[in-house]
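Trainee: As a plain string of letters, each chain reads:
2 protein chains.
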Amino acid sequence: MNGGVESLGSVNPYLSSMRRKRPAALTVNDYVEGILRGDVTMLSRAVTLVESMLPEHQVIAQEVVERCLPHSGKSVRIGITGVPGAGKSTSIDAFGMHVLERCGGKLAVLAVDPSSERSKGSILGDKTRMERLSLHHDAFIRPSASSGSLGGVARKTRETIVLCEAAGYDKVFVETVGVGQSETAVYSMVDFFLLIQITGAGDELQGIKRGIMEMADGVVINKADGDNIDEARRSAVHLRNALHLFPMPASGIRPQVLTYSGFYDLGIKEVWDMIFDYIAKVKENGAFDERRNSQSRYWMHEAIDEQLRMRFMNAPGVAEKLKACEQLLLSGKMTSFAAAARMLEFYDGLKGNGNG
Amino acid sequence: MNGGVESLGSVNPYLSSMRRKRPAALTVNDYVEGILRGDVTMLSRAVTLVESMLPEHQVIAQEVVERCLPHSGKSVRIGITGVPGAGKSTSIDAFGMHVLERCGGKLAVLAVDPSSERSKGSILGDKTRMERLSLHHDAFIRPSASSGSLGGVARKTRETIVLCEAAGYDKVFVETVGVGQSETAVYSMVDFFLLIQITGAGDELQGIKRGIMEMADGVVINKADGDNIDEARRSAVHLRNALHLFPMPASGIRPQVLTYSGFYDLGIKEVWDMIFDYIAKVKENGAFDERRNSQSRYWMHEAIDEQLRMRFMNAPGVAEKLKACEQLLLSGKMTSFAAAARMLEFYDGLKGNGNG
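If you read the sequences in order, they're chains A and B. Numbering-wise (my numbering), the first sequence opens with residue 1 and increments by one. Numbering-wise (my numbering), the second sequence opens with residue 1 and increments by one.
One or more hints might be untrue.
One copy or two, it doesn't matter: identical chains are merged, so the pair holds either way.
Unchecked claim - Calculated lysine to any residue pairs in the SDA-like style (CA-CA distance at most 25 Å, straight line):
1. K351 / S188
2. K321 / R292
3. K351 / M310
4. K269 / L69
5. K321 / R67
6. K281 / R37
7. K321 / H57
8. K74 / E302
9. K283 / N314
10. K283 / E326
Note that these hints are calculated values from the structure, not bench results. Computed from a predicted model, the values in this text were never measured in an experiment.
Given only the sequences and the hints, what does the whole structure look like? Please build it.
Mentor: In structure tokens form, the structure reads like this:
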């Protein structure tokens, strides 16, 4: 499009004046070179392109991501989840400062937060909650892409990871709220999945979704400070016993349970000893590469399935037909499989009519 | 087809003689009426049709299932899982005899065991392992359909449940081995999902797959007899503590942990008190109907997704193209999403050429 404006510029004064008002459009080369030399503004603008819904932005974004790909993959990716109120932002501030002081390098903090789950907990919404990290010149904090399906948001986050890694960020945190499907998405894009818990009423660690516990590579109990220390430790013991009943994970490393205080900066080193120790071991035993490969395959198949499903659901008339079939289904007039067969027949009919 | 043979019978002596050797083919009406009056032979033959891969059998089977549907749904469906060696067959024998003696009625015992998982544990392979039940005239024991994808086997089992219920079986057990994906399938077709455990080395309950614990509506520890009683009770305490850390299930009822001995018939009543109590409560609070409705929807969408995926995977050239894309993916030359986009473009090209 810009090319078109360019060539008409001298002929059409209206287009010409429009062009002058815009900042010079960046080429794929500009983005890639900027990112590779670690230019934060360029990185930010490229991430904005990745997040954009506009097809013309997506064309450039995809090329930038593809060109950055050979320079990516070298970071350690840590997923961090926990219910709202678990103190994720404060913890990430403490964790981030610790790893930057301890190892140097650069840290990117991203988030997966599909809009549908937005109301349940603010994700990186307020950078000021990461007081120290937001001022640190080696930290890049980027809130979640604002909208779209979980699959779409997950794709954008994974592409943003590629860009950050190409820009030299060798640690990536991906935050999510442990209330929906998004933690499965984050689990499937990181090397270590950390579950932040707090002690609740009695023994129960409240609000945690079924299944999350079994995804965790490590569990940490926050707010182990002041009067709360004993209860946090008791919860840790219970959790350790519980996790001991689960089978050994594919990594060959049993998840540990630690207590800490993000606010008072207590026990932070121990949490990261655990994580770094885990990463060293899985790099040694091959589980690290295996996990990344199976993640790549997973996302490819997820993307294909999502596309096939979306095309089906968006085909004209399918939504109405589906509602009708669901009625027959729930009133016991049709089996699930007969209903599915009827839906697919309907879909084939559409394609036969040239609508596919 | 049979109609065709019929009309040609007097003209073509070969076809005519073939026809005479076959037993008279049953009509849909024959099957349905037989099933509705509780004829076990008819039920068995209908299940064989459901399991058949032949399209002409499937046509009849689907009609029979559809006609039985209004007479189904009235049983209590119990899923039973556990690792090989947990004593599932002996337990099912004891459980089945208990519920038949306690409540009367009729019991169907089915299994989900996709062939790929077959070698890991024999499912109902040896009816003689259910010594008492296999001789009981109110029990109908049917091994798993012998082959096919998990989705296919699950469909056949769900349809078999419909037939059994229409034949007056008011209790249905569905057995599965807790080692693959099949327990998710069984979980999604029953009203109560029972996990059978045994005590292993030390604390750990070995062999159980991640995620199963969180699906269980109740956990029972088998072989709590003789020298093993104390260890079984200790395991139960640990499991209770562990389950207490999980969030409250949608049913509003926390899973209980009990010990029993299938072989020595100890504690069987208590297990069934727990299950019947659960069923009474969820029928009262609405969770029973809610679960069944969401299962129906789940299976419809699963069937649609599976079909869409299968058509894609079976399209000419897709398998080879997928392999090539996976190579590019794993060597870091392409993102998962770019690879997926390329695959879908390829698929669209096929359809454009009239292959869709």
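Trainee: Could you work out which of the previously given hints the structure breaks and list their numbers from low to high?
Mentor: Checked against the structure, the hints that fail are numbers 1, 4, 6, 7, 9, while the rest are satisfied.
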